Amino acid sequence: MAETPRSDENGHEGHPFAQMISIGVVAAIIVTTITLLMDWFPTNAAGAASKIDTLYDVLLIASVPIFVLVMTVAVYSVWRFRARPGDTRDGAPIHGNTRLEIIWVTVPFMLVTGLAIYGWVVLNDIEAKQPNELQVKVTGQQFTWSFEYPKEKVKSSQLMLPVDRPVHFRINTKDVVHSFWVPQFRLKSDAVPGITTRIRVTPDKVGTFEVVCAELCGIGHATMRNRVRVLPRRQFDAWLARQKGGPAGGGGGGGAPGGKAIFTANGCDSCHTLADAGATGNVGPKLDDLATAAAKFGKARRESAKEYVRESIVDPRAFTVPGYPKNVMPTTFGKDLSKEQIDALVDYLLRVSGGKGS
Amino acid sequence: MTATLHRLTAPGWYRAALGIAIGFGVGAGLVTLIRALYGFDPAWDTDSVVTAGALITAPLGFLVGIGCFDYWFYWASGGPTRPEDHSGHGARSWKDYFRVNTDHKVIGLQYISTTFFFFVAGGLMAMVMRAELAQPGSQFVDANTFNGLFSVHASLMIFLFIIPVFAGIANFVLPLMIGAPDMAFPRLNALSYWMLPIGGIMMLASFFAEGGAFATGWTAYAPLSTETPLGQQFFTIGVQFAGASSIATALNFLVTIITMRAPGMTFWRMPLLVWANFTTSLLVVIATPFIAGSQFFVLFDRTLGTHFFSAGAGGDVLMYQHVFWFYSHPAVYIMMLPGFGIISEVISTNARKPIFGYRMMAFSLVAIIILGFTVWAHHMFVSGMFSWLRVPMMITTMLIAVPTGIKIFSWLATLWRGVIHLRTPMLFALGFITMFTLGGISGIMLAVIPFDIHVSDTYFVVAHIHYVLFGGSVFTIFAGIYHWFPKMTGRMYDETLGKLHFWLSFVFFNLTFGPMHLVGIDGMPRRVSDYADQFATWNAIISVSSFIFGLSFLIFLYNMISSWRHGPKAAANPWRAHSIEWQVSSPPPIFNFDEVPTVVGGPYEYGVPGAVHAVFKEKKPAAVPAGGGGAPPPNE
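These protein sequence lines map, in sequence, to chains A and B.
Take 244 as the starting number for the first sequence in the working numbering and just add one per residue.
Take 1022 as the starting number for the second sequence in the working numbering and just add one per residue.
Hints are computed from structural coordinates only; laboratory data are not their basis.
There may be inaccurate statements among the hints.
Calculated lysine to any residue pairs in the SDA-like style (CA-CA distance at most 25 Å, straight line) [as the list claims (entries may be wrong)]:
hint: 1; chain 1: A; residue 1: Lys-569; chain 2: B; residue 2: Leu-1325
hint: 2; chain 1: A; residue 1: Lys-569; chain 2: B; residue 2: Ala-1049
hint: 3; chain 1: B; residue 1: Lys-1520; chain 2: A; residue 2: Gly-329
hint: 4; chain 1: A; residue 1: Lys-578; chain 2: B; residue 2: Asp-1337
hint: 5; chain 1: A; residue 1: Lys-394; chain 2: A; residue 2: Arg-413
hint: 6; chain 1: A; residue 1: Lys-569; chain 2: B; residue 2: Thr-1053
hint: 7; chain 1: A; residue 1: Lys-294; chain 2: B; residue 2: Met-1401
hint: 8; chain 1: A; residue 1: Lys-380; chain 2: B; residue 2: Phe-1407
It should be emphasised that the depicted structure is a prediction, and the values quoted were computed from it without experimental measurement.
With these hints in hand, go ahead and build the complete structure from the sequences.
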């Protein structure tokens, strides 16, 4: 690289390389500072989050200057070495420079090695087993999440967590691949058929956040959302106690569960609209006029309205209402719900949609 | 009567139509017969008939009908030797572009035009998606259509645009560059091309299938893809045609490059575009069978009831992702390395300088393809795969930054002390270097597992791949198209429109995809038709920018079409380049060279007094003398 002062053909004076590097360094410092000051992440609500946010800052410091320097060299070279109209000269026949090439192999090599080691350390840190973990089973299904606290024997369609206590999630799915993600916790794991995946989180901020499905899972993917509420310890314990004592929503036996509770606890509301249950899903048929529809379609299939509704829940592939996508409704409800629960659900659906309940 | 009969027996569109009809009849009949023999009720099943008849046997009938196999069938049947009259070689009228042609230049233009058609189709889908995403809620399309749109958009852009358009550019340029009269296997080359539109039309046609287009993303993760409606099969099988096309072309390139270089063209005298296509072709040949396999498994699960991916029946869901990414990660290099080659040609020609560190540029291509096979699982950091594999894959992924960095820094060093002509291809090359660096940097970030856990499957990933594939690959494609436009068409493009095209795309590309980094980190997942209100402002800005970005393409299209028809005639070597394709007329003669050139030096000896790359023995050295004047500065 030419370092001696000279006046080149374009009439520029001075050390072009030194001049460019100084511009680049100043620009790099300015741009990197701006990116560091920017507020990139959502609220930070778990122990691991701040470690990941710091890691990101380090990545910015390591990489933004490289981008700015590349930009600077490109723009500066164009400005400095641009051909004038009618210019037919060739450039300097420089074929390479071994020292420079060794530098730009070794420096990036050391940089990425350093970042990889740091990333590894952070990874081990955020995945480390914690004492006194709260066990939570997460189950994905098209298109909702359900949660279970196996030690406490509580099931819920809403995720409740105590603040400042480590949580160990074990994640499953009933159908296709989903991905369990709470942006404020920065942690994510796919729910994969046939295996159980695990993540650990220690929520450290009281609040309500969204549980987002991050892996494309079908028609209702965009609206596959649940809530996670992080509660102060005592409120959480009280909630757990209420759940144990009160009517179990999901598969918990005992008593005659209400149809509405079964409807919401099993995620029916994520796909179907039903005013009585406050459900506004639009993947499957609207259920507000189910009684009429069941009579009509049931007749065509030589079933009573009740048989028709039961079949639609237990064996949804048997018949799909025209205009709605086939093979979307999960086929697992026949297994997951007890006979009494299904009866209760059928009665409830027909009753609130204007038909005769039992 | 005999004329009609002749039309139906001679290769061409009439026989192709007949071939489609017969093919469909055979497939549909066979599957219905088998169902009837098994006693399945009903014997006529639309899904099976569409799969076997419309998607498999009808396209094969088309290929036979249009004439891809005539010569081989004739040869195989042991008929008398038929002297080659070259009637199927070269274009003498526009009609020759619409039949099976063995001329690599015709095939190159067929590839380029076809792939740009699918680029427009995929781009329009992106426009519909951005319209839907301009505000939260549901406005124009329902969730199923939206999922179909992004799936078909990505599939077309990857399998029908970026991968094959590079094959098209190289098809035209590469044999000329190495001084060969054609590709090694011209008939295989024609077959490769004709398989391509089949795959694309299939993917587009999936919108008309019952249940809508395939809606599982271009990744088609099982078991979602084994359960969705019929449209999925249009992807599963369409990929097979595009993939077979890709593999056959790659083999052709390998044999051409290894065996057909002009005398004196050693490996270390090959232009970097040739190196790039050599390494890319190795990747294609080794990796593409894996995606073919993954899609066949899906097809078998769907149609034959196998259980590759049904967890309940002993299948393994994660196996799909491993096999899929074992192709699809190398595929990103398949989509990038040929672009690297283009950029080396464009930068060296327009900066009037030798490529800085030529051998390291070639070695880094080789390093990238080797490392490229060892990183696939970085797409699966949150997939629940066995956790020990993540750290090695993080390290190998980040190491790819080293050879990629060599390339970026060497291009920059090539600019240094050049005489830089800011023509349109050069602008796109500079745009590429900067935008690809940004995409590479977000790639390094994504490789760091703890950060990836947060942003995987978010708009951050969408931003990253568009910086790499648009700011990277597509910018190199534009650079290449403008650079070789005079050679391909014999006309000059309009420089002002070209520059306008560049600046509009460069600015609005950044305004479209830049903010996606922000919304992604902030928590917006990808592949959603609806999103939380907090992302509304950015999405509105992104959508408006994307519309202008989309419109900027019209300038390119207008420039290409009008310049091709009315542009000023191009000289043989308007850029005063050294490589061999510029030493023949524009457009080149039908058989490329009257006389085989002899290579006597490196391809980029700009500024070296008296240096030439190739000579034609009888004439004077055809290459322009290096340096039209102005000796290099004395103090070097």
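Hint by hint, here is what the structure shows:
no., hint, verdict
1, A:Lys-569 with B:Leu-1325, "19 Å, holds"
2, A:Lys-569 with B:Ala-1049, "24 Å, holds"
3, B:Lys-1520 with A:Gly-329, "19 Å, holds"
4, A:Lys-578 with B:Asp-1337, "22 Å, holds"
5, A:Lys-394 with A:Arg-413, "13 Å, holds"
6, A:Lys-569 with B:Thr-1053, "23 Å, holds"
7, A:Lys-294 with B:Met-1401, "21 Å, holds"
8, A:Lys-380 with B:Phe-1407, "20 Å, holds"
Checked against the numbered hints given earlier, this structure breaks none of them.
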